[in-house]
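Peer 1: Which chain is which? The protein sequence lines are R and E, in order. Going by my numbering, the residue at position 35 of the first sequence is 678; the numbering climbs one at a time, nothing skipped. Going by my numbering, the residue at position 6 of the second sequence is 14; the numbering climbs one at a time, nothing skipped.
Treat the hints loosely; a few may be bogus.
[As the list claims (entries may be wrong)] Partial selection, computed: residues in chain R whose CB lies under 10 angstroms from chain E:
#1 Lys-647
#2 Gly-701
#3 Ile-702
#4 Ala-705
#5 Met-706
#6 Thr-806
#7 Asn-810
#8 Pro-835
#9 Thr-1011
#10 Thr-1013
[Claimed, not checked] A partial selection of chain R residues facing chain E, derived with a Cβ cut-off under 7 angstroms:
#11 Lys-668
#12 Val-807
#13 Leu-822
#14 Gly-828
#15 Leu-929
#16 Ile-956
#17 Ala-960
[As the list claims (entries may be wrong)] Straight-line Cα separation of at most 27 angstroms, DSS-like style, residue types lysine-lysine; simulated pairs:
#18 E:Lys-202 with E:Lys-99
#19 E:Lys-55 with E:Lys-99
#20 R:Lys-1015 with E:Lys-145
#21 R:Lys-976 with R:Lys-891
#22 R:Lys-1015 with E:Lys-202
#23 R:Lys-1015 with R:Lys-976
#24 R:Lys-668 with R:Lys-678
#25 E:Lys-89 with R:Lys-1015
#26 E:Lys-202 with E:Lys-89
I should point out that these hints are in silico values taken from the structure, not numbers from a laboratory. Built from N, CA and C at the ideal position, the CB exists for glycine as well.
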Amino acid sequence: MLEKMMKTRLFGWIDERTGAEAILKSQLTEYPVPKNLNYMWNFGSLALLVLVLQILTGIFLAMYYKPSAAFTTGNYTVAFDSVERIMRDVNFGWLIRYMHAVGASMFFVVVYLHIGRGMYYGSFKAPRELLWIIGVVILLIMQGAAFFGYLLPWGQMSFWGATVITNLFGALPVIGEYLQQILRGGFAVGDPTLNRFFSLHYLFPLLLVAIVGGHVHALHVVHSNNPEGIDIHKDEEKIPFHPYYTIKDAFGVSVFLLFYCYIIFFNPQMGGYFIEVDNYVPANNLQTPPHIAPVWYLTPWYTILRSFESKLIGVLAMGGSLAILFLLPFLCKSAVRSARYRPMYKILVIMFFIDVIILGYCGHSAPTPTLKLIGQISTAYYFGFFLILPILPKFEKTKPVPEGI
Amino acid sequence: MADQADQSRRNFLYVAAGAMGGVAAGATVIPFIGSMLPAADTLAASKTEFDVSTVEKGQLVVIQWQGKPVFVVNRTEEYLKQVDGHDDMLKDKDSKAIEAVGAEWLTAENNKYRAIKPEYLIVVASCTHLGCIPLFKPTAGRKDWGESVPEDWPGGWHCPCHGSLYDISARVINGSPAPHNLHLMPYKYLTDTKVVIG
Ligand code: HEM
Ligand code: FES
């Protein structure tokens, strides 16, 4: 179909003025991709889909949402009421809001799998270091966007989550207090905070669009890695992106939509994991809920924070646990990329994935001494994993990698 | 033509123009960041009046000052006795660690009470760890509170977020993630029972 379209006079007219044909060829119909990619390579296109869905649903929500902490009746506020109005009175408002709230969680599901894929198959290694680094920037901006968005419904979890996180910044020496005031616009989280978070919540996803563009561009310069983790030279080992991978990605999209729609229509709160129950209680700045925890996708980092007695060290460890991701390409010294041919790395990286899940579990539960200890051990492993990587090649006997695919 | 130009002068001009541009760009950032700091009306709304006689013996109320929660407790004789006997459990028994936990009216005698009138404790209610509001668990021991407090609990506050503990004078207990005692704020008595906070 694309071939036919490219032969029309209209396309010819556009091509003369934009060079569209050359772009389509180099990026799609003649863009070479290894022929052996497995389904773990579907999550990039899914992330792109969810980003588009978030922006689309967000823009429609913003037509009705009102960022104001002014009181209405009882303990209710303009912002809280406007979200409830979206849920009850706005045509299809419930659908658009659930698409957005569930979409935020699904975004992280997809991106975490995408990152895990990169770690397992060594996609972060040369020549893809910059591609990986741009990816980590995307992760940080996503976390920021989700954090800002979570304040908007102005429920108890919104309010106290934002209080705790803005306090984190206050712990930093010298600049901490300023940073905290700049985030809050006052002495405590309040109306000015809500307004600026809405503004930033709008900005961050648009930043993401630009950075994702850079990510894809960087990919198209160095090309995809593959499950074997080897460089590909021969033409018969590659297939064009279109139609082979457009069709495979489309299949991935339909499977994804099945899950996404199931959750939206039948289980939008996912048992309190995707939308926390306490967030249907309007924000009350004079009472902390008995148990506060961030949404699931931030809980691993929250556990790292909680694992230290000293607040400052906790904050630095949490920042460090994200920052260390930037260094991964330079810490990992092995010449072999894929875990398929690295027996020790394979065990360590699978344990790392399990470790992050345990960290997430600890962060979601009410703190007890046992969980605290488990959290501390998991935190130690989290950092230990990265610190072992530089010396791993000294012990590890890698298996011979295949010549081709 | 180009090779007749004096390259070093030209480079100087580039650097000078670039540096001026950099300074201008830096200066432009100031009003934008400045606009994000608390606005004048937010800063102005900074005094709260409260009548402490409205608080029953043994009761705690939470009021607002500058948008922040503030505890006002009317401590019973029993509670006042509970400030003694656990100095070794406290991170900062004299409230000296940072300015915000002290006040100019604190003396060697009254600093264990941390209050102008010992029975009325008035402190900022934000946990010094990450800002949650601690739960009031005033009686000593585990009888009323179960496992949530240690066995030698002197009575005070327990923060639900990450388990910080404070004694009945809101002084932080060893082992808590919170670094400091709950903050004091400037306040004075206008009459026997009317205080103005801020
Ligand atoms: C990176 C993409 C985005 C992510 C991860 C994200 C995440 C979130 C989250 C977690 C919430 C709270 C959901 C809830 O509990 O109801 C939220 C709310 C909201 N978001 Fe976004 N968002 C994104 C993009 C956008 C965009 C582009 C807009 C456009 C202005 C937007 C507008 C809103 C509005 C108006 C709300 C409040 C209504 C509500 O609470 O449902 N979002 N967002
Ligand atoms: S906020 Fe009170 S213990 Fe963390």
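Peer 1: Could you run down the list of hints and mark each one as holding or not?
Peer 2: We went through each hint and held it up to the structure:
The interface hint given for Lys-647 (chain R) is violated, since its Cβ lies 50 angstroms from the closest Cβ of chain E, which is over the 10 angstroms cut-off. Hint status for Gly-701 (chain R): violated, given a least beta-carbon distance of 23 angstroms to chain E, over 10 angstroms. Taking 10 angstroms as the C-beta contact cut-off toward chain E, the hint placing Ile-702 (chain R) at the interface is violated, the least distance being around 25 angstroms. A hinted interface residue such as Ala-705 (chain R) counts as satisfied when its beta carbon comes closer than 10 angstroms to some beta carbon of chain E; here the least separation is about 21 angstroms, so the hint is violated.
With a cut of 10 angstroms, the hint placing Met-706 (chain R) at the interface with chain E is violated, because the nearest CB-to-CB distance is about 26 angstroms. Checking Thr-806 (chain R) against chain E by beta carbon gives a least distance of about 5 angstroms; that is within 10 angstroms, so the hint holds. Taking 10 angstroms as the C-beta cut-off, the interface hint given for Asn-810 (chain R) holds, the closest approach to chain E being about 4 angstroms. A distance limit of 10 angstroms between C-beta atoms decides the matter here; for Pro-835 (chain R) the minimum to chain E is near 7 angstroms, and the interface restraint holds.
A least Cβ separation of about 9 angstroms between Thr-1011 (chain R) and chain E falls short of the 10 angstroms threshold, and the interface hint therefore holds. Hint status for Thr-1013 (chain R) relative to chain E: violated, with the closest Cβ pair at about 12 angstroms, above 10 angstroms. Given hint, Lys-668 (chain R) at the interface with chain E, is violated; its Cβ is 40 angstroms from that chain's nearest Cβ, farther than 7 angstroms. For Val-807 (chain R), the shortest C-beta to C-beta distance to chain E is roughly 4 angstroms, which falls under 7 angstroms, so the interface hint holds.
At a threshold of 7 angstroms, the smallest CB-CB gap from Leu-822 (chain R) to chain E is about 10 angstroms, leaving the interface hint violated. Interface hint status for Gly-828 (chain R): upheld, as the beta-carbon distance to the closest one in chain E is roughly 6 angstroms, under 7 angstroms. A least Cβ separation of about 4 angstroms between Leu-929 (chain R) and chain E falls short of the 7 angstroms threshold, and the interface hint therefore holds. The beta carbon of Ile-956 (chain R) comes no nearer than 10 angstroms to any beta carbon in chain E, farther than 7 angstroms, and the hint placing it at the interface is violated.
Checking Ala-960 (chain R) against chain E: minimum C-beta separation of about 13 angstroms lies over 7 angstroms; hint violated. Taking the CA atoms of Lys-202 (chain E) and Lys-99 (chain E), the gap is near 32 angstroms; set against the 27 angstroms cutoff, the hint is violated. The hinted pair formed by Lys-55 (chain E) and Lys-99 (chain E) fails the criterion: a straight-line CA distance of about 30 angstroms is larger than 27 angstroms. The hinted pair formed by Lys-1015 (chain R) and Lys-145 (chain E) meets the criterion: a straight-line CA distance of about 23 angstroms does not exceed 27 angstroms.
At roughly 33 angstroms between alpha-carbon atoms, Lys-976 (chain R) and Lys-891 (chain R) are farther apart than 27 angstroms, so this suggested pair is violated. As the CA atoms of Lys-1015 (chain R) and Lys-202 (chain E) are separated by approximately 44 angstroms, the hinted pair breaks the 27 angstroms bound. Taking the CA atoms of Lys-1015 (chain R) and Lys-976 (chain R), the gap is near 33 angstroms; set against the 27 angstroms cutoff, the hint is violated. Note on Lys-668 (chain R) and Lys-678 (chain R): the hinted pairing holds, with a Cα-Cα distance of about 18 angstroms set against a maximum of 27 angstroms.
This hinted pair does not check out: Lys-89 (chain E) and Lys-1015 (chain R) have alpha carbons roughly 33 angstroms apart, beyond 27 angstroms. Between Lys-202 (chain E) and Lys-89 (chain E) the alpha-carbon distance is near 25 angstroms, which keeps this suggested pair within the 27 angstroms criterion.
Violated hints, in rising order: 1, 2, 3, 4, 5, 10, 11, 13, 16, 17, 18, 19, 21, 22, 23, 25; the structure is consistent with all others.
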